[in-house]
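Engineer: Chain by chain, the residues run as shown.
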Amino acid sequence: QKEVEQDPGPLSVPEGAIVSLNCTYSNSAFQYFMWYRQYSRKGPELLMYTYSSGNKEDGRFTAQVDKSSKYISLFIRDSQPSDSATYLCAMSATYNQFYFGTGTSLTVIP
Amino acid sequence: DTGVSQNPRHKITKRGQNVTFRCDPISEHNRLYWYRQTLGQGPEFLTYFQNEAQLEKSRLLSDRFSAERPKGSFSTLEIQRTEQGDSAMYLCASSSTSGGSGEQFFGPGTRLTVL
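Protein chains in written order, with the working numbering: chain E, 1 to 110; chain Y, 1 to 115.
Honestly, the hints are just simulated from the structure, not real lab data.
Worth double-checking, as some hints may not be accurate.
Below are the DSS-like pairs computed for lysine-lysine, each with C-alpha atoms no more than 27 Å apart in a straight line [said to hold, decoys possible]:
id: 1; chain 1: Y; residue 1: 57; chain 2: E; residue 2: 2
id: 2; chain 1: E; residue 1: 70; chain 2: Y; residue 2: 57
id: 3; chain 1: E; residue 1: 42; chain 2: Y; residue 2: 11
Chain E regions said to be covered by chain Y (calculated; three or more residues, Cβ under 8 Å) [stated by the list, open to error]:
id: 4; segment: 35-43
id: 5; segment: 82-96
id: 6; segment: 99-110
Heads up, the beta-carbon is just placed ideally off N, CA and C, and yes, glycines get one too.
With the rest of the complex left out, here is chain Y (with noise of 0.2 Å):
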């Protein structure tokens, strides 16, 4: 068990562009989220996925992301048209509903630096 892995790390991009990200929860682990983090916060919600569907989503998420979790393994988060305000850590985390207590386990985070 590697934990929750994120890739890439780091990310530079022009305002305007496209860009993905993508996140490997824990392998025996159905629920997914997604969080944004900038500086001198805590994780704001932005998405949740138990298994392939995807049952919540935060109000204040723009139309310009997009999350998916196709075959209920991995995650893709899509942010489309970036703006400088998207600049902030983003945030992948599992947990399992079976047998263990729900506790929620973190990658290392994508950095985003939108200039």
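So that you can see chain E by itself, here it is in the shape it has in the complex (with noise of 0.2 Å):
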């Protein structure tokens, strides 16, 4: 069993949706979990960090943590298509090592 699990998509929306990313892991360790977001051929970009449970807004972004479920999100209000990209979650129990999932890709259509 991989430790990240996430939906490689593609996922396709109009613009102005909202946009639901999901992941979830095996480890209960885990308690720091991060979003990226990665354009074609390019290193990823953070978009949110959240430590331990709970939800976390940045603008357009929430981040939501529920680690009874073994379950992340994070929610994109008012999609554009500038936002069409790969999303990729990550989480680790320390610093030392970071787990991946596979990414999402995302298309927000004009």
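Take the two lone chains, each set in its own frame, and fit them into one complex as the hints suggest.
Structural biologist: Right, dumping it as structure tokens:
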């Protein structure tokens, strides 16, 4: 079983839609959670960082962590064509090693 | 603060050759990570440094791979006797133990093609 599972998509939505991206994980020790956006052939760009459980909001982005279900989510409100990218979740129990999902490919159609 | 930088950005080599990549982290960051990413996959952890100490190394990492961070600043990743399966994007990331919450910031990556 992989440490982190993420639906690769692809996911296609109309401009202005709310996007929901999710990851599940198996290691209950994970406590650091991050979401990245990656454009083709570029390095990942950090979007959201969450420690332990709870919600965090930053502009159009909201990250949620449910440790009891081993499930994390990223919501994008009022999606824009510029949001079209691959979204990666990442998590860790300590700072020594981070585990990434495979990424979800998102296309926002104008 | 110019972010994490990596050089070269692209490297094409022939099978069997050695290659070396360099990573310069964000200046105040003492944690440094190397990852490998292939098409359609997320980054795969290779190794982790805190200052100059290599504290974690993936069990999947071949003996042909070695990384150093001699003065706790920049780091190098060397691949000896490259194989076609080494073709990938090699990513470096850094973070800080002091003050901040440990967010990890990535460089642009070095794309390796082994012919």
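Engineer: Please work out if residue 42 of chain E and residue 11 of chain Y have their alpha carbons no farther apart than 27 Å.
Structural biologist: holds (15 Å)
Engineer: Quick check: the segment 35-43 of chain E, covered by chain Y? Criterion 3+ residues, Cβ under 8 Å.
Structural biologist: holds (count 4)
Engineer: Within a Cα-Cα threshold of 27 Å, do residue 70 of chain E and residue 57 of chain Y meet the stated pairing?
Structural biologist: holds (26 Å)
Engineer: Is the coverage entry for the segment 99-110 of chain E by chain Y consistent with the three-residue Cβ rule at 8 Å?
Structural biologist: Holds, because 5 residues of the segment 99-110 of chain E bring their Cβ atoms closer than 8 Å to Cβ atoms of chain Y.
Engineer: Hinted pair, alpha-carbon criterion (27 Å max): residue 57 of chain Y, residue 2 of chain E. Please report holds or violated.
Structural biologist: Answer holds: residue 57 of chain Y to residue 2 of chain E is near 18 Å, not above 27 Å.
Engineer: Taking a Cβ-Cβ distance under 8 Å as contact, does the segment 82-96 of chain E have three or more residues in contact with chain Y?
Structural biologist: It holds: at least three residues are needed, and the segment 82-96 of chain E offers 4 whose Cβ sits within less than 8 Å of chain Y.
Comparing the model with each numbered hint stated earlier shows that all of them hold.
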